[in-house]
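Generate coordinates for the entire structure from the input sequences, incorporating the hints supplied.
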Amino acid sequence: MSHSSPFSPQEMQGRLARIRSEMAARHLDAYIATNQANVRYATGFRGEPHTLLLTASDAVLYTSFRTLPWATEQTASLQTSLELSTQAPPLENIQQRLAGQSLTIGVEQGLSHSAFLKLSQQFAPHTLQPADPIEHARREKSPAEISLLEASQRLNEEVFAAVIPQIQPALSERAVQGLMLAEMAKREEIDGYSFNPIVAVDGNAWEIHHLPDNTRIQKDSMVLLDLGIVHQGYASDMTRTLCMGKATARMREVYDTVREAQDAAIALMQPGAQTHDIDQAAREVITRAGHARGFTHGLGHSIGLETHDPGLNLSPFTPNEVLTAGMAFTVEPGIYLENEFGVRTEDVLIIGEESPKNITRQSKDLLELNF
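Residue numbers for the sequence shown follow my numbering, beginning at 1 and rising by one.
Simulated from the structure, these hints should not be mistaken for laboratory data. Hints are supplied without guarantee of correctness; some may be wrong.
Here are the simulated lysine-lysine pairs, BS3-like style, with alpha carbons at most 30 Å apart [said to hold, decoys possible]:
| id | residue 1 | residue 2 |
| --- | --- | --- |
| 1 | K219 | K246 |
| 2 | K219 | K364 |
| 3 | K246 | K118 |
| 4 | K186 | K219 |
| 5 | K219 | K357 |
| 6 | K364 | K186 |
Just the calculated beta-carbon pair ranges, DEER-fashion [what the hints assert, rightly or not]:
| id | residue 1 | residue 2 | range |
| --- | --- | --- | --- |
| 7 | E11 | G311 | 43 to 53 Å |
| 8 | S112 | P49 | 11 to 21 Å |
| 9 | F65 | E260 | 34 to 44 Å |
| 10 | R174 | H27 | 48 to 58 Å |
| 11 | R97 | G272 | 37 to 47 Å |
| 12 | G311 | R97 | 42 to 52 Å |
| 13 | S57 | A144 | 23 to 33 Å |
We put the CB at the ideal spot given by N, CA and C, even for glycine.
Written out as structure tokens, the structure reads:
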């Protein structure tokens, strides 16, 4: 199996240029990255260990002698721009490289407070600053990245389609989750699952990220299925809710409201739109229907190398951001009725120059399974 990068040298060089531009905007002389997704985005390297040092002129990827052959192949498109080092420990070598100067060094925002304090002491007299230049560069996906997101979504929907005929009354949530994992394992193109698949029967959907248990599906159950896979590093995510038999009028009313809320949000998703406004459009539909209490999470999140790409959400609980072309989001309104059932519909949208592209093809019609 090839370990080479799916991205051209021009794209990888462009990524480094964008990251350095983001560093300059934050007045950073250097940046240290250890998050796997950030290192992969900047260099193409998918292995461990991985520590990346970036300055205005240098890029150094620290790994081990065991993974050096893979790192050499995976980062070949940056051959003239990236130095590979097996010097250990990497942070000490970075200190040596930056010695004799007084610099502002960016570190990833995900560091714990104690880790940040320890690094600040270790790197004195340099000034350390939590910053997000790589995460910010990751927000807008290239055409090549969008192609991988679309391929990931296709594979995810193949898994969903293969599982549906196997669902029967009396199966437990954990059994259905096992069916999903088994279908994922059958497909060589799938790197793994992007999160533990969620199966929530009836009232269990009240717990938004329910961990499947031994609850059994009944002939009149509503079953919420949330699944995602990883393909060449890029995640997919999709939720559908199905009915085991004929849906009641209440089930259909809730289902139709969720779908209307999603449609209202998607209609606004174009460059220049604000994330809070998009979330509010969906929330207003659900509130008018009398279900405001049943929708308490954000409308969606950025997706890419991580299922929840950092720093960008369709949510009233996070900073308001302006959409630009190339951003990728899940849109997943839901209504959850305590001790009854829950409905969530989730698609992945790519922001286009004028209108969004929904890369999720699975029908959003209510699926009623008859036995």
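Status of the hints after comparison with the structure:
With a C-alpha separation of about 9 Å, the suggested pairing of K219 with K246 holds against the 30 Å cut-off. Taken as a hint, the K219 and K364 pair is honoured in the structure, with Cα atoms around 21 Å apart against an allowance of 30 Å. Proximity of K246 to K118 is assessed by CA-CA distance (about 60 Å); at most 30 Å being required, the pair is judged violated. For the hint pairing K186 with K219, the CA-to-CA distance comes to about 29 Å; that is within 30 Å, so the pair holds.
Only pairs whose Cα atoms come within 30 Å are accepted, and K219 paired with K357 is rejected, the gap being roughly 36 Å. Simply put, K364 and K186 have alpha-carbon atoms about 26 Å apart, close enough for the 30 Å limit, and the pair holds. Taken as a hint, the range 43 to 53 Å is violated for the pair E11 and G311, whose Cβ atoms sit roughly 21 Å apart. For the pair S112 and P49, the beta carbons lie near 19 Å from each other, so the given range of 11 to 21 Å is met.
In this structure the hint that F65 and E260 lie 34 to 44 Å apart at CB is violated, the actual value being about 58 Å. At about 51 Å, the beta-carbon gap between R174 and H27 stays in the expected band of 48 to 58 Å. A beta carbon spacing of about 42 Å between R97 and G272 agrees with the range 37 to 47 Å that was offered as a hint. Between G311 and R97 the beta carbons are some 28 Å apart, a value that contradicts the proposed interval 42 to 52 Å.
S57 and A144 have their C-beta atoms about 26 Å apart, which keeps the hinted 23 to 33 Å range intact.
Of the numbered hints listed earlier, those contradicted by the structure are 3, 5, 7, 9, 12.
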